[in-house]
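S.K.: Take a look at the letters that make up each chain.
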Amino acid sequence: MSKENKILLKVEEAGVSFNNKSLVRGVSLQVRKGEIVTLIGPNGSGKSTTAKIALGIYKNIEGKVQKFTDKVGYVPQKISIDWTLPIRVIDFMLLTENLSDNLINVALNLTGVEHLKDKDLSNLSGGEFQRVLIARAIAKQPELLVLDEPVQGVDFKGEIALYTLIKKISETLNCGILLISHDLHVVMSATDFVVCLNGHVCCSGKPHVVVQNDKYKELFGDRASNILSLYEHKHDHTHSQDGSINQDGSINKE
Amino acid sequence: MFDDFFIRAIIAGIGIALITGPLGCFVIWRRFSFFAGTLSHSALLGVTMALVFEINIAFSVFIISAVLAILLLQLQKKTNLPNDALLGLLAHSSLAIGLVIIGFLSSIRFDIMGLLFGDILAVNKNDLLFIWIGGVIILLVLKLIWKPLFASTINYELAEAEGMKPDKYNSIFTILMAAIIAISIKIVGLLLITGMLIIPAAMARNISSNPLQMVGLSIIAGLLSVFIGLFSSLEFNTASGPSIISAALILFCLTLIKFKKSKLNK
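Keeping their order, the protein sequence lines are chains E and H.
Position 134 of the first sequence, counted from 1, bears residue number 136 in the numbering used here, the numbering being contiguous throughout.
Position 91 of the second sequence, counted from 1, bears residue number 86 in the numbering used here, the numbering being contiguous throughout.
Among the hints, a few may not be true.
[What the hints assert, rightly or not] Using 35 angstroms as the maximum straight-line C-alpha spacing, the simulated DSBU-like pairs for lysine-lysine come out as follows: (1) H:Lys160 x E:Lys61; (2) H:Lys138 x E:Lys61; (3) E:Lys66 x H:Lys142; (4) H:Lys72 x E:Lys121; (5) H:Lys142 x E:Lys12; (6) H:Lys120 x E:Lys73; (7) H:Lys142 x E:Lys8; (8) E:Lys121 x H:Lys73; (9) H:Lys163 x E:Lys80; (10) E:Lys69 x H:Lys120; (11) E:Lys61 x H:Lys73; (12) E:Lys159 x H:Lys163; (13) H:Lys142 x E:Lys73; (14) H:Lys160 x E:Lys119; (15) E:Lys69 x H:Lys163; (16) H:Lys138 x E:Lys119; (17) E:Lys12 x H:Lys120; (18) H:Lys142 x E:Lys119.
The hints are simulated quantities; they were obtained by calculation from the structure and are not laboratory data.
Sequences and hints are given; from them, build the entire structure.
M.R.: Quick look at the structure:
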């Protein structure tokens, strides 16, 4: 991936406060074409808020946000569809853009929910609904994709498949992705750039740089630093049956 | 076969049903029922203003409704009071101010019953023209803004993020609401316009599975209510506006029975 790729989103020293209470401040980041930038941080650290600032949802923000594309796909963290509004998956897919049947089918197929096309949105399970949300966001072939905990409620197998899909989409569509995730494994293995938040930017950089940062260790604990080893390092450790890492190199025999 | 006034009433009713059908769906979806009620209450103030300044009633009602809608948005920013409290405040204070002003206008005879319940049988050709031209404009605008308005109704943040400009389209929708109240006040009256907005759409919700179907059924329900209401008012010599709303209620109850059954079958 070349460094010359077009910048899609540029956030500079941005923040937002409500009733004089700062939700997040001093956030700078940028997302380029074909790049996955991930926001991590504890609950209430301002990840979703930062995404919303970047998307222009908040009106009175500090700092500056520049978006260099109008083709945006967004998977919000929470969305509730009122019963009073009868809406099928197929109607929802067309929410912000008129798409061909083919594009819709392909997207639903990619996230594994093509069979739910004519189902009522309010009858879906949490995981199914998440898959529909992702399908809707990618069907419009966005240049910038913002995913706020996109796999919440999805079963374990589906989670891996969806993250693989997200990685693939960033390559095939060559779109920029701003991802919010709690799954440090995924973050560290599939991400180009990590921003670690806790009301402000604690640290940011390439995954292997961030995990070595003291502030990162403080926030997530020492174990979190070892996460990267799963993916990048030569085998200086082994795994026990449950997949956890044995630092001493022993194999947990039964 | 029928008298002219009855034909005119039917044509006026059809016009109103065609507009309230789709707008009513958005009222239900956006949980705007109380808002619609507030706007129609404020119509009384609109009418008194028209009398004071000797301007067109519909125009005056439209202006007052629009001002009220803006006022509501400002109040929402200024206080944390819940929406229903603010709407109640605006509804009843505008009603009260309207009535107080009427008190000063001792020289003018004022048909308050006509204002509250409308008089569809007294519609003249100019009124018809007004309703239909206004109605066509409202429906055209609604068709034009359908996609962004619908997206904003589903989820504000999603709509904003994906460039649907929800603030803009929400405001346009509010103006459309003010417009429908202004053009229908003479026909169904301010107490009943809310009924025409809500009941057919509520009925449609019970038996529809997608948004467009709900809009279609809502229009059909409105038309049926107008026909049944007007013919029965002719037959039983009842007040026409309330007869239309009563017919709508009966239709709603019928779908409720069917709806319960289909739910049990699942």
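S.K.: It remains to establish, for every hint, whether it holds in the given structure.
M.R.: Each hint, compared with the structure:
1. Taken as a hint, the Lys160 (chain H) and Lys61 (chain E) pair is honoured in the structure, with Cα atoms around 12 angstroms apart against an allowance of 35 angstroms.
2. As the CA atoms of Lys138 (chain H) and Lys61 (chain E) are separated by approximately 28 angstroms, the hinted pair is consistent with the 35 angstroms bound.
3. A distance of roughly 29 angstroms separates the Cα atoms of Lys66 (chain E) and Lys142 (chain H); the hinted pair therefore holds under the 35 angstroms criterion.
4. In summary, the hint linking Lys72 (chain H) to Lys121 (chain E) is not supported, as the alpha carbons are separated by about 38 angstroms, beyond the 35 angstroms threshold.
5. Among the hinted pairs, Lys142 (chain H) with Lys12 (chain E) is consistent with the structure: their alpha-carbon atoms are about 28 angstroms apart, no more than 35 angstroms.
6. Distance restraint check for Lys120 (chain H) and Lys73 (chain E): the Cα-Cα separation of roughly 49 angstroms exceeds the 35 angstroms cut-off, and the hinted pair is therefore not satisfied.
7. Between Lys142 (chain H) and Lys8 (chain E) the CA atoms are separated by roughly 30 angstroms; this keeps the pair inside 35 angstroms, and the hint holds.
8. Distance hint between Lys121 (chain E) and Lys73 (chain H) is unfulfilled; the C-alpha atoms sit about 41 angstroms from each other, more than 35 angstroms.
9. Between Lys163 (chain H) and Lys80 (chain E), the direct Cα distance comes to roughly 23 angstroms. Compliance with the 35 angstroms bound is thereby established for this hinted pair.
10. A distance of roughly 53 angstroms separates the Cα atoms of Lys69 (chain E) and Lys120 (chain H); the hinted pair therefore is violated under the 35 angstroms criterion.
11. Taken as a hint, the Lys61 (chain E) and Lys73 (chain H) pair is honoured in the structure, with Cα atoms around 16 angstroms apart against an allowance of 35 angstroms.
12. In summary, the hint linking Lys159 (chain E) to Lys163 (chain H) is not supported, as the alpha carbons are separated by about 42 angstroms, beyond the 35 angstroms threshold.
13. Using a Cα cut-off of 35 angstroms, the hinted pair Lys142 (chain H) and Lys73 (chain E) holds, with the two alpha carbons roughly 16 angstroms apart.
14. Proposed proximity of Lys160 (chain H) and Lys119 (chain E) is supported: the alpha carbons are some 27 angstroms apart, at most 35 angstroms.
15. A distance of roughly 20 angstroms separates the Cα atoms of Lys69 (chain E) and Lys163 (chain H); the hinted pair therefore holds under the 35 angstroms criterion.
16. Pair hint Lys138 (chain H) plus Lys119 (chain E) holds up; C-alpha atoms about 25 angstroms apart against a cutoff of 35 angstroms.
17. The hinted pair formed by Lys12 (chain E) and Lys120 (chain H) fails the criterion: a straight-line CA distance of about 59 angstroms is larger than 35 angstroms.
18. For the given pair, Lys142 (chain H) sits about 20 angstroms from Lys119 (chain E) by alpha-carbon distance, which is consistent with the 35 angstroms threshold.
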